[in-house]
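What follows is the residue order along each chain.
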Amino acid sequence: MWDSSTWIMISKGLLETVYMTLLSTFAAYVIGLPLGVLLVTSENSGILPIPKLNKVLNVIVNLLRSIPFLILLIAVMPVTRTLIGTTIGSTATVVPLVIAAAPFIARLVESSLQEVDKGVIEAAVSMGCSPFQIIRKVMLPESVPSLITGAAIATTTILGYSAMAGIVGGGGLGDIAIRYGYYRYQNDIMFITVALLVIVVQVAQEAGTGIARKRDKRKQS
Amino acid sequence: MDSKPVIKIEGLTKIFSGKTNEVKALENVNLTINRGDIFGIIGMSGAGKSTLVRCINYLEKPTGGRVVVDGVDLAGLNEKELRKVRQSMGMIFQQFNLLMQRTTIENITFPLEISGIDKKDALKRAEELLELVDLADKAEAYPSQLSGGQKQRIAIARALATNPKVLLCDEATSALDPNTTKSILSLLKDINSRLGITIVIITHEMSVVEQICSHVAIIDKSGIAEQGKVSEVFSHPKTHAAQRLVFPNGNKNERDIGSRCCRIVFDGSSSYEPVVARMILDCGAPVNIMFADMRDIDGKAFGQMVIQLPEDQLTSEKIINYLKERNLAVEEVFDHVG
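Chains as they are written, first to last, in the UniProt record's numbering: chain C, 1 to 221; chain D, 1 to 338.
Possibly wrong hints are sitting among the right ones.
As the list claims (entries may be wrong) - Cross-link-like lysine-lysine pairs, in silico, DSSO-like; alpha carbons within 27 Å at most: (1) C/K137 x D/K8; (2) D/K19 x D/K4; (3) D/K4 x D/K300; (4) C/K52 x D/K138; (5) C/K118 x D/K80; (6) D/K300 x D/K318; (7) D/K61 x D/K165; (8) C/K55 x D/K19; (9) C/K219 x D/K138; (10) D/K84 x D/K165; (11) C/K214 x D/K229; (12) D/K165 x C/K137; (13) C/K52 x D/K80; (14) D/K318 x D/K8; (15) D/K300 x D/K8; (16) C/K118 x D/K318; (17) D/K138 x D/K189.
Keep in mind the hints are simulated off the structure, nothing from the lab.
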């Protein structure tokens with residue numbers, strides 16, 4: 001049974017997993033990054049305080065974060081069908097992944113931006129920066145190392161979620177592991193796919209940590 | 001230098017209102033700072049001096065009163081106009097507040113970027129400023145590679161980039177050691193005399209005001225206790241708050257002590273023996289210690305001390321004889337300046 005078609009299937013699964021993860025992470029950042037910025041700036045002590053908006057955003061983020069991914073996966077199926085036309089396959093899985101990851105990323109971004117020294121922001125205000133300039137030229141660039149570390153965490157988390165989508169035919173390595181390993185008791189295939197997942201997570205995490213360390217100019221002497 | 005007021009503060013009040021209580025940080029503050037002044041604002045911590053300096057560029061919006069900068073009342077400006085005014089005022093901080101992910105030259109070009117100046121011109125200006133603060137060789141270094149004093153020099157260069165009329169210094173030397181403080185202060189003085197920039201210095205250290213300020217305001221309990229030329233305020237402090245700052249160890253106006261001074265030289269007598277204390281007890285007369293520089297080396301006292309003798313001739317002789325008996329070198333000094 002270890003013929004070439006098995007290997008083709010596994011490598012296709014690997015590609016699908018990478019595709020789902022990267023696309024979802026990117027799309028989730030498109031939503032999560034501005035959301036995280038807003039969470040910080042609209043705070044009472046932020047550079048553009050809008051306490052009411054801040055409260056609403058916090059509730060939405062907490063709400064989405066508290067739904068277990070497996071439930072969300074099934075609950076958003078109607079949305080997925082409207083957007084993609086199907087609920088099966090790796091592209092369809094991107095939709096629940098983005099919905100689950102965006103609020104998580106917003107929190108990661110929020111905590112990264114909060115690390116920026118308040119004094120540096122005050123200095124920027126004293127130089128006549130507009131709030132938008134402060135976000136673009138101070139808060140984001142100053143927290144780049146922390147944002148990259150956060151991105152590595154987000155990517156690996158989304159990778160884990162994407163494997164879970166295999167339960168409902170989401171494609172990728174997780175799908176193969178569940179179909180062959182769980183339903184057909186082919187433990188060897190399950191082992192291979194899990195090993196591949198572990199390797200992908202390792203590579204993503206190491207790369208993220210490495211880039212973050214290289215970009216951080218605070219601790220070089 | 002003409003003496004047109006560049007900053008005029010009238011009846012300034014700032015109240016921080018929390019959920020349950022209100023804190024009056026400043027109450028009815030009036031100040032006039034003229035062009036070309038180095039104006040010190042000194043006070044104990046908690047007196048409200050940091051709030052005051054932040055009201056000058058509206059980092060804190062006053063609750064009442066007026067802040068007029070170069071004839072413009074800041075209260076009447078919208079956010080955009082306010083940002084323009086802030087660009088005409090540089091500010092430096094105790095913790096330097098440099099952008100850690102930018103090189104020093106990028107830190108200096110930052111305010112120029114903000115005000116929309118061409119990149120090439122900005123770089124040229126930054127290089128000039130690096131030269132001015134004596135750090136031309138550190139252009140490509142990151143702030144984490146610099147010492148505290150170097151960081152503050154970069155912060156000064158950054159604050160000067162947009163050719164401001166005023167430089168606000170918020171405890172700019174408080175995180176630095178005495179030598180670095182001295183060099184930063186002389187840099188500020190140099191900038192003031194060469195570029196004619198008005199400098200406002202917030203500090204809690206008397207020595208800072210003494211070294212470079214032309215004018216001083218003493219802030220105490222949310223208000224200005226006294227202001228004027230440094231020489232006048234420091235030589236004749238009128239208010240209690242001023243006296244406490246100028247004479248932190250109590251007033252030396254006890255009239256029963258005369259002006260005769262004598263120097264005692266300790267060259268190795270036992271430091272276990274409390275000579276001065278015993279002398280005061282034995283002679284029954286108080287002396288004023290004007291100066292003392294002593295070191296205990298292996299239980300022996302080395303150094304010298306200048307004391308002021310009592311007016312009474314007899315007691316003075318008694319003291320001098322007492323010291324001579326203990327084999328200490330005693331000589332009279334006249335017009336001792338501590």
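Checked hints:
{"no.": "1", "hint": "C/K137 x D/K8", "verdict": "violated (33 Å)"}
{"no.": "2", "hint": "D/K19 x D/K4", "verdict": "violated (42 Å)"}
{"no.": "3", "hint": "D/K4 x D/K300", "verdict": "violated (60 Å)"}
{"no.": "4", "hint": "C/K52 x D/K138", "verdict": "violated (46 Å)"}
{"no.": "5", "hint": "C/K118 x D/K80", "verdict": "holds (22 Å)"}
{"no.": "6", "hint": "D/K300 x D/K318", "verdict": "holds (25 Å)"}
{"no.": "7", "hint": "D/K61 x D/K165", "verdict": "holds (21 Å)"}
{"no.": "8", "hint": "C/K55 x D/K19", "verdict": "holds (18 Å)"}
{"no.": "9", "hint": "C/K219 x D/K138", "verdict": "holds (17 Å)"}
{"no.": "10", "hint": "D/K84 x D/K165", "verdict": "holds (12 Å)"}
{"no.": "11", "hint": "C/K214 x D/K229", "verdict": "violated (52 Å)"}
{"no.": "12", "hint": "D/K165 x C/K137", "verdict": "holds (25 Å)"}
{"no.": "13", "hint": "C/K52 x D/K80", "verdict": "holds (24 Å)"}
{"no.": "14", "hint": "D/K318 x D/K8", "verdict": "violated (59 Å)"}
{"no.": "15", "hint": "D/K300 x D/K8", "verdict": "violated (58 Å)"}
{"no.": "16", "hint": "C/K118 x D/K318", "verdict": "violated (64 Å)"}
{"no.": "17", "hint": "D/K138 x D/K189", "verdict": "holds (23 Å)"}
The structure fails to meet hints 1, 2, 3, 4, 11, 14, 15 and 16 from the earlier list, while all remaining hints are met.
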